[in-house]
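> As you go down the protein sequences, you meet chains A and B in turn. Under numbering that gives the first Met the number 0, the first residue of the first sequence is numbered 0, with each subsequent residue one higher. Under numbering that gives the first Met the number 0, the first residue of the second sequence is numbered 0, with each subsequent residue one higher.
These are calculated hints, taken from the structure and not from any lab test. Treat the hints loosely; a few may be bogus.
[To be verified] Straight-line C-alpha distance at most 35 Å; calculated DSBU-like pairs for lysine-lysine:
hint, chain 1, residue 1, chain 2, residue 2
1, A, Lys227, A, Lys152
2, B, Lys86, A, Lys93
3, B, Lys86, A, Lys34
4, B, Lys86, A, Lys152
5, A, Lys152, A, Lys34
6, B, Lys93, A, Lys222
7, A, Lys85, A, Lys227
8, B, Lys93, A, Lys195
9, B, Lys86, A, Lys69
10, B, Lys93, A, Lys85
11, A, Lys128, A, Lys34
12, B, Lys86, A, Lys85
13, A, Lys69, A, Lys222
14, B, Lys86, A, Lys195
15, A, Lys30, B, Lys86
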Amino acid sequence: MVPYRMFFSLLFIMLCSSYAVAGSRADVVAKYEPKRIAQFAKRVEKYAAARGARAFIIARLGRPEDELPKGVRYTHTAVAIYSNIKLSNGEEVKGYAIHNLYQLPTQPERSYLLTDYPMDFFWGAQELKAGIVIPSEEIQSRLIDLIDSGASKSLHNPKYSLISNPLTQQYQNCTEYTLDLLNAAIYQTTDIDQLKANTSAYFEPQKLRMSRLKISLGALFRKEIVTKDHNGRPRMATFGSIERYLQRYDLVQHSTTLQESA
Amino acid sequence: MKRINTLLMLALLTSPIAACASESVNHSGQASKHSVMAVGHSLHSGVKVASTAVAAPVAIVGSASVAAGSVLTESAKSISYKSHGVKSKKAKGKAALEVSETTVTVGPTPNQAIQRSSQ
Numbered sequence: 000m001v002p003y004r005m006f007f008s009l010l011f012i013m014l015c016s017s018y019a020v021a022g023s024r025a026d027v028v029a030k031y032e033p034k035r036i037a038q039f040a041k042r043v044e045k046y047a048a049a050r051g052a053r054a055f056i057i058a059r060l061g062r063p064e065d066e067l068p069k070g071v072r073y074t075h076t077a078v079a080i081y082s083n084i085k086l087s088n089g090e091e092v093k094g095y096a097i098h099n100l101y102q103l104p105t106q107p108e109r110s111y112l113l114t115d116y117p118m119d120f121f122w123g124a125q126e127l128k129a130g131i132v133i134p135s136e137e138i139q140s141r142l143i144d145l146i147d148s149g150a151s152k153s154l155h156n157p158k159y160s161l162i163s164n165p166l167t168q169q170y171q172n173c174t175e176y177t178l179d180l181l182n183a184a185i186y187q188t189t190d191i192d193q194l195k196a197n198t199s200a201y202f203e204p205q206k207l208r209m210s211r212l213k214i215s216l217g218a219l220f221r222k223e224i225v226t227k228d229h230n231g232r233p234r235m236a237t238f239g240s241i242e243r244y245l246q247r248y249d250l251v252q253h254s255t256t257l258q259e260s261a
Numbered sequence: 000m001k002r003i004n005t006l007l008m009l010a011l012l013t014s015p016i017a018a019c020a021s022e023s024v025n026h027s028g029q030a031s032k033h034s035v036m037a038v039g040h041s042l043h044s045g046v047k048v049a050s051t052a053v054a055a056p057v058a059i060v061g062s063a064s065v066a067a068g069s070v071l072t073e074s075a076k077s078i079s080y081k082s083h084g085v086k087s088k089k090a091k092g093k094a095a096l097e098v099s100e101t102t103v104t105v106g107p108t109p110n111q112a113i114q115r116s117s118q
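Input sequences plus hints: build the corresponding full structure.
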């Protein structure tokens, strides 16, 4: 009996430490000096602004790059919108507001929507590296309308899965939400049945290159890892697969990786 | 004991899945960030930080939104930063947008705000 208790205790410690690395704690210490994060965040804003981007897809690396499965380059994706930002002191400034889907810290299997800013976005980054895809002007305008009208909120599914299947409606993660927003902008509808039908027809998800054993064990021990929305090997929306999707249909104006040099 | 070791090995194998495609952790409401950044003051070397009340998309880009070339001087090719795999089309001739030098952050979570104001 004692060895089993020891096993579960050690397992609990390991899973907790894994959460700590993922940054799910309420109070995480940033890896980089705030000044460096602020400078990098401002560079990303200026890079997009210099190209006249009113809306773009932005991604960050919340995990060490060498821990990511093959084919996955970023861990969090969202939509940045050029905005008039009213500060608490009454001043108005111009910059980018980032429209995110985040996991609830206390319930990682649930999510909520939050607008934050580049400094917040990169606060817990493991590397000061940003993925940027600036879609065509038409898509940008439609994304702005979608978010400004509040219609974007109807696409949010609070049932969160780290490896959600973007072709189905059962679960959603940040990248799938971003893809749903893009498709809502492209097809000018928030009818999720229609959007998922179109996604299934035209979007090629990224295969999760990880052993089935690891995936099954992950699903066993972590509420936010769900496999029941997949048939066979899990396939997900990633920043890279979204970039390829937009490029295939000639909907990208500009894309790049912006990184602080060593 | 062998069985326990096997189970532990299997458990260790599960941890990399946390590094999967999507890690949607919010860093914005963190107490550590707000205590470090001292909203409303400057980070060292003149980085001004301010918390936000509300953001509204700029739907129409008129002349008022265009900074006269000021941000065009900021390039990914600057010596401090590098850009990889740039794929671009129709980017030439795009009007640059103005971006404030102020670093904006969301305010603390409601419970942190209450704690702070009652201190």
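> A separate judgement is required for each hint: does it hold in the structure or not?
Here is how each hint holds up against the structure:
1. For a cut-off of 35 Å, the pair hint linking A:Lys227 to A:Lys152 stands: about 25 Å separates their Cα positions.
2. The straight-line distance between the Cα atoms of B:Lys86 and A:Lys93 is roughly 26 Å, inside the 35 Å bound, and the hint therefore holds.
3. Between B:Lys86 and A:Lys34 the alpha-carbon distance is near 29 Å, which keeps this suggested pair within the 35 Å criterion.
4. Between the alpha carbons of B:Lys86 and A:Lys152 the distance comes to roughly 31 Å, so the proposed pair stays at or under 35 Å and holds.
5. With a CA separation close to 33 Å, the supplied pair A:Lys152 and A:Lys34 stays within the 35 Å bound.
6. Straight-line distance between C-alpha atoms of B:Lys93 and A:Lys222 comes to about 46 Å, which puts the hinted pair past the 35 Å bound.
7. This hinted pair does not check out: A:Lys85 and A:Lys227 have alpha carbons roughly 43 Å apart, beyond 35 Å.
8. Distance restraint check for B:Lys93 and A:Lys195: the Cα-Cα separation of roughly 33 Å lies within the 35 Å cut-off, and the hinted pair is therefore satisfied.
9. For the hint pairing B:Lys86 with A:Lys69, the CA-to-CA distance comes to about 22 Å; that is within 35 Å, so the pair holds.
10. The straight-line distance between the Cα atoms of B:Lys93 and A:Lys85 is roughly 26 Å, inside the 35 Å bound, and the hint therefore holds.
11. Pair hint A:Lys128 plus A:Lys34 holds up; C-alpha atoms about 15 Å apart against a cutoff of 35 Å.
12. A C-alpha spacing of about 33 Å is found between B:Lys86 and A:Lys85, which places the hinted pair at or below 35 Å, so the restraint holds.
13. Distance restraint check for A:Lys69 and A:Lys222: the Cα-Cα separation of roughly 23 Å lies within the 35 Å cut-off, and the hinted pair is therefore satisfied.
14. Annotation: proposed proximity of B:Lys86 to A:Lys195 holds, straight-line Cα distance about 28 Å (limit 35 Å).
15. Between A:Lys30 and B:Lys86 the CA atoms are separated by roughly 30 Å; this keeps the pair inside 35 Å, and the hint holds.
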